[in-house]
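Using the sequences and the accompanying hints, generate a full structural model.
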Amino acid sequence: MQTQFDTTMRSRPRYGVLEPRPGLAHLIVADGEGGEAVLALFAQAPELLETARVIYMPGANGTDMTAELEAVKPAQFSRVPSYAAGRQRIVKVLGDAHMGLQVYVTGTEGLMGQVQRDAMEAGLPHDAVQTEHRGSLVRRVQCVHCKGITEHVRTDPFQCGHCGLNLFVRDHYSRRLAAFQGVCVDAEDPGEVPPAVERFK
Amino acid sequence: MSLDDYFHDETYFGDFTYRNSPQAIKRFPFPFPEDDYMYSVNMEPHVPGRKGSVFEHAFDVDEHYVAQMRDRARVLAEDPLRCQSLPHMTLAGWDLLELIMESFARDYPQWFELHKDGNRWHWINRPLGIDDKFTFLDESTLPYGPMEYITRQAQGDFTLQDQRNDNLWIEAGMVTTQADWSVDFDIGMNFHEWHAPVPLAREMGVFDRALKFLLQLQHGAPVRRFNWTMTVDPLLDTSPENYHKWGPSKTTMTRETIGRRQHLRVELQTLFRLPRSNAIAFPIRCYMISFQDLVTQPKWARRLHRVIRDLPEELATYKGFLRNRPLMVEYLSQFDDGKPTSPGWWPEDE
Amino acid sequence: MSVGATKIPVVVTEVVEVNSLIKRFRFVREDGGEMPGFSGGAHTVVEMDDGGTRRLNAYSLMSDPAERSGYEISVRRDDTGRGGSLFMHRHVKPGMRMLISPPVNLFGLDLRAKKHLLIAGGIGITPFIAQMAQLNALGARFELHYAARDRELGAYMTELSARYGDRVHRYYDVEGQAIDLPALLRGQPLGTHLYVCGPKGMIAWVLGTAGGMGWPKGALHSEEFLAPPVGQPFTAELAVSGITISVGAAQSLLEAIEAAGVEAPYLCRGGACGQCETRVLAAEGELLHHDHWLTDEQKAACGHIMPCVSRFKGARLVIER
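Chains as they are written, first to last, in this note's numbering: chain A, 11 to 211; chain B, 38 to 387; chain C, 405 to 725.
Be careful, since some hints might not be right.
Computed spacing ranges between beta-carbons, pair by pair [stated by the list, open to error]: (1) B:Asp-203 to A:Glu-80: 51 to 61 Å; (2) B:Lys-282 to C:Ala-470: 28 to 38 Å; (3) A:Cys-156 to B:Asp-46: 26 to 36 Å; (4) A:Cys-156 to B:Lys-376: 49 to 59 Å; (5) B:Glu-115 to C:Pro-586: 50 to 60 Å; (6) B:Asn-156 to C:Thr-562: 51 to 61 Å.
Computed, partial: chain B to chain C, Cβ under 7 Å [unchecked claim]: (7) Gln-121; (8) His-125; (9) Pro-164; (10) Gly-166; (11) Lys-170; (12) Thr-172; (13) Gln-255; (14) Arg-313; (15) Asn-315.
None of these hints come from the bench; they were simulated from the model.
Just so you know, even glycine gets a beta-carbon here, dropped at the ideal spot from N, CA and C.
Here it is, written out as structure tokens:
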């Protein structure tokens, strides 16, 4: 199902619902439950299948819709184990593309943010990339102190996987880093760390 | 007076030897024209102000110049990510370099000289001992990019905003004297996004109005506004990057040390439309004054007491001094006899 | 001007007849100083005293932005217009003193672009001349496609070809040449930005074709200054000033407000920038919206008017000015 987000923080990204748009080519990237949104898109516009290039990775939670997606026979389908492993493919498609390419990304925030960043680096305006959130709400968070990125953050606060500081997760989001901001929670009173709450499931 | 006599040799970390001279106290840009404060756009034309004031010139170069540039170099050596410029902002960097060099050379000819022969420029900065010849608009002739080169020689933080799609995008910045925000994190954001953490203001429509105003900002008609916060010890670099290092200082202030350690931190923010890039330059100049120096001006002492006492809790939290507010109010109340204050912030207009 | 910049007193130093419809004017500062630098795509508003009528027309700056000794504009004569271009053609001579505004850019280059695709029709070439000078100096990748009715009216085509070689593509309507837009757009690398300036129909065609081929809005840029249309005279009540003014047939509402001595904000005077947007407090009749600032819904709601180009027909109009 689509996800509702609190929109009080204006740097927080907002996501829509994938809709077919005219274009010369269609790049579709999804992880985990994002596969459902891809199937919904194809059901709405089967003609996209003829030119669609789908890059899919199973979710960190194990959700794998490879079989369902392959079954609808998009023009090209690649299953990759993770975003990191698939990034070269995504960047290659963008680098070879002409204006008129449509980019669709669906699944977790971390994936959508990173593909949007790749598309921006290739020269597309960020709002040209369509996004739809599906699945887990785990966050990709940058530690403002050591700059290390921790993937799949579930709790607030959490311990930075790189420098070990206890970080609270701000809703402040950087498109360029494709990450939320983590700031030391006990800077003023070292050691006074509130209990971790599972905010992002 | 020799350069060495005028410019202080002082530090903004460690032993914190930063001090304001009596003249610097008198000209301190006290930011409260009234006894209460609420977040507002409060922009006015940045035209030359009273002689001797921080508004006298487009850019204020004061007794702290050399020491502040030394502090910037120290911060950059530790963390080069404090200065970043996305590739398309280089032209705006040249615009900024031209603006600062022309202003400095015009307003402080005893310290700075700029000689132009077409695009061959010769820049002399006596206080910092710089004498460079370079080609304007040719990055290969400078030791740094144009924005970094000139902002290593100008007090205050600087950001450059690109204008497109009816918005402003913060896409370059030199930020080492900031009130707790990260240029590394915020770069690439639009106007609403980088102001997102400010409480109350969005509901008031402050940012929509400010953006509309700034999109129309014209070359040759800069504007200015104030912002303010509080800092314990005269630490210029209150960065989020180092928050875990400076955060504990807030907990060690006492009745005995507050007058010396607590500083009102004022930002004089100016905005200039840049000619060749159509970008907007946003210099954020930081001034700090200790409470014990501030209360030497009776009008400021009375007013600051009332502002701090009555500030909405969200703002005290956002500005990071909720914890010490009772201590501050207690200290300042000694200097508030309840008498009315005159409008405006000039100390002598009693 | 609402945002505080002061006008620049200039002297006209050159008036050149480019062809039977277009004249080029060069302005230098009266005090001999340098002009402000500007960015390609910027315009200036030229103030004219046309036999007692004050006219303010916006023209794109076409000189090299790096060249600060003067500004150049080109003006196409419009024999059926309200008279601004006729005044420039008939009365502006070398040596004349005039006032112009500092440059304002509502048609800026997106310097993030991997490539800039420029499409011009007729006099719409002028902002591109300044933009190409700037792009060339920056070493940026660009390509111009420039269409005109015939060789005679294709102002500056030969000079631009000489300067930029095969980056300039020329098309003459009378010779049956037309831009093959779908083919042109199909081949552009990702990261290309498209800019179009020319007649209304051309802009709509280019933007419509590109949108239909999947180009994102953020990569499409256009500029069209409307000349305020001639219309029927009408009256308007200015609620804040407490006066009623008459708007002549060849006068805009904005000009009539200014003629009455009331200050009103503006930047482009061509229905594009939004600066002069004014609230309508009462309208017994029909607002004739000519701008491309208000949305269709806003126009239908009759709550706002752009006095630089829009008019009124009916019994009573009250605006907040």
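Hints versus structure:
no.	hint	in the structure
1	B:Asp-203 to A:Glu-80: 51 to 61 Å	violated, 43 Å
2	B:Lys-282 to C:Ala-470: 28 to 38 Å	violated, 46 Å
3	A:Cys-156 to B:Asp-46: 26 to 36 Å	holds, 33 Å
4	A:Cys-156 to B:Lys-376: 49 to 59 Å	holds, 51 Å
5	B:Glu-115 to C:Pro-586: 50 to 60 Å	holds, 55 Å
6	B:Asn-156 to C:Thr-562: 51 to 61 Å	violated, 29 Å
7	Gln-121	violated, 15 Å
8	His-125	holds, 4 Å
9	Pro-164	violated, 28 Å
10	Gly-166	violated, 30 Å
11	Lys-170	violated, 20 Å
12	Thr-172	violated, 13 Å
13	Gln-255	holds, 4 Å
14	Arg-313	holds, 5 Å
15	Asn-315	holds, 4 Å
Consistency note: the structure conflicts with the earlier hints numbered 1, 2, 6, 7, 9, 10, 11, 12.
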